[in-house]
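J.: One letter stands for each residue in the lines below.
There are 2 protein chains.
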Amino acid sequence: MTELTIQQLEATHLLACKVARAAGDYLREDQLRRRNVTLATREKLNSVDLVTAADEGVEKLIREAILKEYPEHAFIGEESYSAGEEKRFLLKDEPTWIVDPVDGTVNMVHMFPMTAISIGFCVNSIPTVGVVFAPFLGGKGTLYSAIHHPQGGAWLSEFGHDGPSTPLPLTSPPPPLPVDAPKGCLFFGEYGKDRRDHPQSNLTKKATNFVNMATEIGGREGKGGMVHGIRSLGSSTMDMVYVASGQGDIMFEAGCWEWDVCAGIAILLQTGGIVVDSNPPPDLGPTDPIPMANLGGRRYLAIRGCSEDAEGRSAREQQERLVREVWKRTERLDYKRPV
Amino acid sequence: MTELTIQQLEATHLLACKVARAAGDYLREDQLRRRNVTLATREKLNSVDLVTAADEGVEKLIREAILKEYPEHAFIGEESYSAGEEKRFLLKDEPTWIVDPVDGTVNMVHMFPMTAISIGFCVNSIPTVGVVFAPFLGGKGTLYSAIHHPQGGAWLSEFGHDGPSTPLPLTSPPPPLPVDAPKGCLFFGEYGKDRRDHPQSNLTKKATNFVNMATEIGGREGKGGMVHGIRSLGSSTMDMVYVASGQGDIMFEAGCWEWDVCAGIAILLQTGGIVVDSNPPPDLGPTDPIPMANLGGRRYLAIRGCSEDAEGRSAREQQERLVREVWKRTERLDYKRPV
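Sequences listed follow chains A and B, in order. Here the first sequence stands for residues 1479 to 1817, where the numbers follow my numbering. Here the second sequence stands for residues 1479 to 1817, where the numbers follow my numbering.
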């Protein structure tokens, strides 16, 4: 069991913000150069699973800056994981950085601005500091961050490193969830990279899930959710931070990895949200408390923070109710960790 | 036939930018007030078709500012159209403003920043000046605009009204379309507000279209498009401007209206893109030139501007080829103009 003081966490938060902005500068300069050339990409899994030299350059930049300051900390990064042999989930209780240098690489290749640098820091296996910087979103980039601690906080910064920040969630206190949620919710999900054509493929099931959530109440054999809208941004990191900030209600995503969501989860936890497995645990009774998602489990269902509702239901009661309503309307997805 | 000089068009562009930013200030102030209260909404068609007092306030602000300067111009606005009896498409050749005060109202209610003020100006029924301002995207908002004219231009402005602008498209000259397009394209589309559960409903067909576009080549009985990604932002205005700016390749959307796309189309045309009917015209032969979309037709398929490719195919040849490839993979949608 590691104990870090709020001062120590503030120092890691400050470093993560600084490093994320430096990584963002790197990507912005890279994009400026690209405005006259087409970006070289390499395929990983298939033609939609891309890696660019920038992904690898940024991971190196982040890793070096962090380990210079904290040589005793562990470090898990997407690109080194992908290149390596070890595929188990390696998080232990020791202080560990979990980093995605570029989430939304496809977007970056197309210059669609939903691309993020995601720097998470775990203590005792809990996402504790999170920094998500979207360098192309707005003139100065958009930075979301949090220290998950009773004396911590969560912030949105859109005016550069010396500009003002806005506390998160954006609406404070956050409103209760809609009474008939998922009806009235804003739902974020992605089609992902598994594009196989098969009735039981993840692509087919995800598409079914989206239609269920969107359809009028009573439709789809009772599975219609009549959400306000389905949003697909091509970045599970951004999906998660929008829900964490109260700019959306539900994030449902499977197939991504701990580095895609770790930083966002730190923000989500600090703003009162929850994240559980997007597949219902097999032995869970109808009134059992719902366990938090396994960070390495590749399946995430996040619900934003909220206040007690008019009938006196607590945030947790509303959130767990909504989780069960989403589970009822969605098919189990087949993503596992390689062993 | 009206003839406006480039100087006259520059004056309308300047006014539209000024008015869009003023409308954005109005929405930002409104959102700041809302951070402590829940926004009152009124349903139009159903529980996902919302209008707020801000939508109506902003339309009034824009209409008054424009008609004060140009009392002789015609004006078509979403909110006054919705409230009125006349449902025909009223555009004539006279100078006409076509305005959506708030596109992405659902997003605004949830504080998801994909909300835009869309101010288009048509001359001889052609979108000629377009200004799209997303006031919540980045600290100073994000403004896309164009004057569609040989001496015109198109610009992205992310640093406030006195900050620098970037010429559009972002990559100049724009790259050719991918050789096997739609494979490798970034595709934008929306589920929309029609949520009826029926095998032939627009929702069902749109979902089918998205899965077709996403599936591997050869899948879905030959309809698999293996696009790089499907993006749904909840704002057809923003979908259109991302394609117009070269930050995406294909925008496929039906059910929206002329005010959602008019301004974006002016930008698209100036950057070399095309927009056609998302349903193939019934009598079109396989080598016939493809006509431009009817601006009031509620069905839009836009393809970004591009340069001649390595085999010497012109931009138009690549674009028309891609249009036909998208048509092959998508079902005809049932949106018409009310008469």
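Be careful, since some hints might not be right.
Since the list can't tell identical chains apart, any single copy or any two copies may satisfy a pair.
To be verified - Below, computed lysine-lysine pairings styled on PhoX-like, alpha-carbon distance capped at 25 Å:
{"no.": "1", "residue 1": "K1806", "residue 2": "K1538"}
{"no.": "2", "residue 1": "K1683", "residue 2": "K1661"}
{"no.": "3", "residue 1": "K1701", "residue 2": "K1546"}
{"no.": "4", "residue 1": "K1661", "residue 2": "K1546"}
{"no.": "5", "residue 1": "K1806", "residue 2": "K1570"}
{"no.": "6", "residue 1": "K1671", "residue 2": "K1661"}
{"no.": "7", "residue 1": "K1661", "residue 2": "K1538"}
Keep in mind the hints are simulated off the structure, nothing from the lab.
J.: Check each numbered hint against the structure and report the violated ones by number, ascending.
T.: 1, 3, 4, 5 and 7
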